[in-house]
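Visitor: Here is how the chains run, residue by residue.
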Amino acid sequence: MMPVVSAADVAPTPYAWEIVATGLKVRVGRDRMAVDGLDLSLGTGVHGLLGPNGAGKTTLIRTLATVLRPTEGSLELLGEPAGGPGGQRALRRRVGYLPQEFGYYKRFTVREFVEYMAWLKEVPKTDVPAAVQRAVERVGLADRADQRMKTLSGGMVRRVGIAQAIVNDPAILLLDEPTVGLDPAQRLRFRELLQELGTDTCVLVSTHLVEDVAAACTDVVLFAEGRLVFQGTPDELAAAGGPEDVGDSPLERGYSALLQGDGRTGGTW
Amino acid sequence: MSREGMDMGGEGVHAGGEGVHAARGGVRRGRKGADPGTRHASARMIGAYARGGTGTGTGTGTDLAADEVWAVEAHLEACPVCRERLAAAVGTEAPAVAALVEDVWAGLEPRLARDVPTPPRRRWSAGLSGWLTPAMVPWLVMAVGVTLTALLLDVAGRGFGDVSLVLLFAPVLPVGGVAAAWSRGLDPAYELTAAAPRAGLELVLRRTTSVLAVVVPVLLLGGWATGVTAAQWLLPCLAFTSTTLALGGLVGVPRAAAALAVLWAAVIVVPSVALGRTAVVLHSAGLPVWALVLALGTGVVIARPGAYSVLRNPR
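Sequences listed follow chains A and B, in order. Quick note, this note's numbering runs 93 ahead of the 1-based positions in the first sequence. Quick note, this note's numbering runs 3 ahead of the 1-based positions in the second sequence.
Warning: the hint list may mix true and false statements.
Not everything, but these chain A residues come out facing chain B in the computed CB check (under 10 Å) [claimed, not checked]:
(1) 182
(2) 196
(3) 198
(4) 208
It should be emphasised that the hints constitute simulated quantities derived from the structure, not laboratory data. Treat the numbers as computed from the prediction; the structure is a model and nothing was measured. Glycine included, every Cβ here is placed at the ideal spot set by N, Cα and C.
Extracted from the complex, chain B is given alone in its bound form:
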């Protein structure tokens, strides 16, 4: 429709007289939509608009003035009721336009029907990628595999004396996934992610949560099958996760993860397996220590939220 309405004079919308100036919801509030109390454009204006508004800008008889065209147009954008009335008016007031529209539709419809793109199958839904990156998947699969293997050995073999393998591996299981969640080497889109506004504590916690959401149920199964109480593996597991993140804020998450895993293997796993009895830290007596570590780690992570939105060890 006509763009002449743009050079509307000082009198503005109110020059329209009947109808439009009263349609406050439509004209004043732009796109927000018409409220129930809105008055609508008159049939005369809709009809004139359907006929092409104005050719000259002088409102003679049935024509609309430029400012009226502008106001009707603004109102139509926001008001579905008036758009419907316009659609009806086009049929009676401007048969030429209606015929043209019919003609264009007739030409377009067969092509539209053919070209409709089939919506692609969502391989990785947008909701999921807010929680998990593809880089983390292999590590989570590995964690599940290790837990199930340990469980199998615990239930079937009991090859290492009293030692529960599930209990031994529980603390380090989430560490790999957490490292993959925030690592330059493991996540190809790391630099893009670190530069994004969403980077930071929130994203780190989202990803850590998804790691735990995978690891904890599997451990729960393992704990139930081997008869270990949940607190005995859950606390070390959470403590290791938070310590990895806290240390990761200083030296980079993958380095922290590797260091903690090696430390755990050297200090606890190897001696336990060699001696055939569970290390004292994994008994109920060790629980307050794990709780303290968890609290400390969480505290450090929360205190340094900026650590996850800058590059670690840039090359």
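One chain only, chain A, in its complex shape:
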């Protein structure tokens, strides 16, 4: 049958990049700058956010999810300045976010929880059942949809987290360590889902697993001590490393070479 295309679907996008940060600084606590002067532009595709623990990845993702306010600098999301009191609500409807610590209500079923998140994200009431079913199917939990959350394994809970993030069909999808707790087979399936989402969405995935980046990302953002160290394709990251660098794969060697070249050794750990 004839596909129904609304005016919103064919409207040209009024921005070049989904995410544009200029001189972005975000203070955490009293005196620590977790993001310290970041210039970054991200468009459609899957972007892997790599960096050592404590690099400020979570703070950056929270800032992009508009739950933390930038201390300095400017941040534009979907062509609109983030942090404006009026525009934030409309902006958030087009953002999907999976926090690092994904908390949920144990007594809710998968469907109830994703429905509740859809309500919080102001998905139109008539679209909620279909959107929930689609999101749950995409993460492969359709057969578990009516089970309570507390009966699920860690990997399944993580997938519910991904389902709630995509339930509003976001234009910007922020996933903070989504592969933690997934077994190898689930991880493969998740990478496929990422690639699928990346065709029309700006997906930012934070991870400390270099192999996730190699398999699923079109673009790597290397982040250390609140600053951008490197942005490029996985191949360019691999090319940055030489045989003398630490690591088991070309990407790992590139990763350690870039972090060391930046004057940041990992210390003993």
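Starting from the known structure of chain A, arrange chain B on it as the hints suggest.
Guide: What follows is chain B alone, placed relative to chain A:
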């Protein structure tokens, strides 16, 4: 049906001649449905569509041109009347299709009857979760329990002189529920909620309302049983609620709740119980003060609506 209609030429829908181009409601307005003045596709077009529209795109005799197929299809999507006519036409015009449909249904029906999922029992209805999170439930149960215990002691024992325990506890009762409604430590989905578009004043007020909807009726019962006027407990109760939210916008709701509860216990509850008489702030003379606090708290909450859609004390 045929997708060839998609490469419709410049002449478009109007090339169809009879019938369809006039069906404005259906074709022009897409899915919105046909209005009463709509004209419908002709029997010839419906019949031809039922037979498979066009194989070649050249409208010879009874066939439809590609653009006509497209227009009929668009009209059918929006027009239940014509869909009904199509269903009738399929039976007479295309027995092969009708037989095929019958066949598929015959095969599917036993499986459909078996696989119909029983709608799961709603444990937490979607309507309720707009007002209350599961994290708040234990606190509300506690508030009700404390009120009933205080009431029981008031009515039966009167162990603390003139002091009404219901009156003493009334201000701090909703505070726990309000804290659980907007707290990182008590609500597991706090960060998800704070990042949602609905986060903010509206959601905070919804949840606070549901806390008060539980606490106030119980207090009403307590007040009626102990003979305390409603204003004497209602105003302090509301004042504490609004102050918790106002202070919570600055330092986080759970911290504000804890601080206010401790302050209340130290300054009012302990001395009242020790001295055996109700503190002066809980007499009718204190009411204007409570009203002022309530107004101030509410003012601060309304003035800083953005305070509830960002993370407090991020780790």
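Visitor: Need the list of violated hint numbers for this structure, in ascending order.
Guide: none
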